[in-house]
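Assemble the whole structure, with the sequences as input and the hints as a guide.
Chains as they are written, first to last, in my numbering: chain A, 7 to 217; chain B, 7 to 217.
Warning: the hint list may mix true and false statements.
Calculated pairs, BS3-like style, for lysine-lysine (alpha carbon to alpha carbon, straight line, at most 27 Å) [unchecked claim]: (1) LYS76(B) x LYS23(A); (2) LYS176(B) x LYS56(A); (3) LYS200(B) x LYS200(A); (4) LYS109(B) x LYS214(A); (5) LYS211(A) x LYS76(B); (6) LYS54(A) x LYS76(B); (7) LYS55(A) x LYS189(B); (8) LYS197(B) x LYS214(A).
Simulated restraints, written as ranges between beta carbons of each label pair [unchecked claim]: (9) LYS179(A) x ALA129(B): 39 to 49 Å; (10) GLN193(B) x LYS200(A): 21 to 31 Å; (11) LYS76(B) x ASP192(A): 31 to 41 Å; (12) LYS55(B) x HIS69(A): 25 to 35 Å.
What the hints contain is simulated information worked out from the structure, not anything from laboratory work. Glycine included, each C-beta is placed from N, C-alpha and C at the ideal position.
There are 2 protein chains.
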Amino acid sequence: MILDRNTIEFIELLSSKEPTPGGGGAAATVGALAAAMGLMVANLTTGKKKYEEVEHQVQEALHCLTREQKRLIELVDEDAKGFLPLAKAYKLPKNTKEEEKIKEEVMEEALFTASQAPLAIMASILKVMEQLKFLGENGSTLAISDAGVGALFAESAMKASSLNVFINTKMMKKEAVRKELNKQADQMIEKAQKLKEEIYGTVLKNLKGDQ
Amino acid sequence: MILDRNTIEFIELLSSKEPTPGGGGAAATVGALAAAMGLMVANLTTGKKKYEEVEHQVQEALHCLTREQKRLIELVDEDAKGFLPLAKAYKLPKNTKEEEKIKEEVMEEALFTASQAPLAIMASILKVMEQLKFLGENGSTLAISDAGVGALFAESAMKASSLNVFINTKMMKKEAVRKELNKQADQMIEKAQKLKEEIYGTVLKNLKGDQ
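Following this line, the structure appears as structure tokens:
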């Protein structure tokens, strides 16, 4: 597992010119950090008398965020794996018409494959953001900034992941497939942006008031 | 060093209710990941004939990003350390007028101390963003999405770090100090937002065109 290594080493590996882990894996990592911020808020809220009315939902949030965090950690590897067919396809020869045709077909499929992990990363982070919204509004006020931090990380990781969809769809020849994948990404981005503005807005108002 | 441990362990530690690492340390980590994306672009650009005209600046970018990444990794620890006086101050008694007065003074200084690492994190990430802008415009076109990913991470980490300034300044009694620290944070956020929009806008236009 890519994240099953020293953090400084992971950061150095990401900094190198090696193709993986790349932007997709980095986005899944930041998504896992967003989930961590939600879990921190939930862990500071659960079991407290002041928040007993929402204890059941806090438990649900803990469950959901733990699951999505685990999923995002796995998706760092899936994103790297999803890039392999594309790396192979790039190397195919196109000296003859026949080779050109084969390369185009293989590329098209590889581009589709490479865009699947980024889309799955986005779907997972969207679930994280829904929990962050609940926790920002109902979780421990001691951790209000942490819910905001989580929302900021999550939205940036969603948009980062969408760039890894678009860099693949850009090269696709089949317009219908390209449009469909871009639409999926755009719709999730729209939801994420709305959620981020709500959560970040609430937190900022709480911390800075009207000054 | 906090990041000198397994990444999954770090994510789990962040998810716990332990006060450190908290939002500030998480922001420095995402800042280091933003620097990693810049380094990836620079490493894919340096030494290439196509980009030899900008080789000198690419070398500068490599130097600057390496330095700021190292600094951000250190700042994860400095942020945790900066929180210690505040954790102590919270526990001071305030049973008498005298104790109350002492606690207020100690708290005021501890809140100032706790806001220094978040401000340093922001200053460091701003330098990372300036390099990302250069790399997004002049770096290898193969890595265009990575410059965008870096800009997204950087801006979210800057805003996340500012929340860790505001959560401290909110409790300050000295209005002049509060306003000054908030102003420093707001000015850096404004620059970061502008840089992010420029870099992300360029990348998105390049990847999606006008569709």
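Okay, the hints, checked on the actual structure:
Note on LYS76(B) and LYS23(A): the hinted pairing holds, with a Cα-Cα distance of about 18 Å set against a maximum of 27 Å. Of the pairs offered as hints, the one joining LYS176(B) and LYS56(A) holds, with about 22 Å between alpha carbons and a cut-off of 27 Å not exceeded. Straight-line distance between C-alpha atoms of LYS200(B) and LYS200(A) comes to about 20 Å, which keeps the hinted pair within the 27 Å bound. With a CA separation close to 23 Å, the supplied pair LYS109(B) and LYS214(A) stays within the 27 Å bound.
For the suggested pair LYS211(A) and LYS76(B), the alpha carbons sit about 33 Å apart, so the restraint of at most 27 Å is broken. With a C-alpha separation of about 39 Å, the suggested pair LYS54(A) and LYS76(B) falls outside the 27 Å cut-off, and the hint is violated. Between the alpha carbons of LYS55(A) and LYS189(B) the distance comes to roughly 37 Å, so the proposed pair goes past 27 Å and is violated. Between LYS197(B) and LYS214(A), the direct Cα distance comes to roughly 19 Å. Compliance with the 27 Å bound is thereby established for this hinted pair.
At about 46 Å, the CB distance of LYS179(A) to ALA129(B) agrees with the hint of 39 to 49 Å. Here the CB-CB span from GLN193(B) to LYS200(A) is close to 27 Å, well matched to the stated 21 to 31 Å. Between LYS76(B) and ASP192(A) the C-beta distance comes to about 37 Å, which sits within the given range of 31 to 41 Å. Separated by about 54 Å at the C-beta atoms, LYS55(B) and HIS69(A) break the suggested range of 25 to 35 Å.
The structure fails hints 5, 6, 7 and 12 (numbered hints given earlier, in ascending order).
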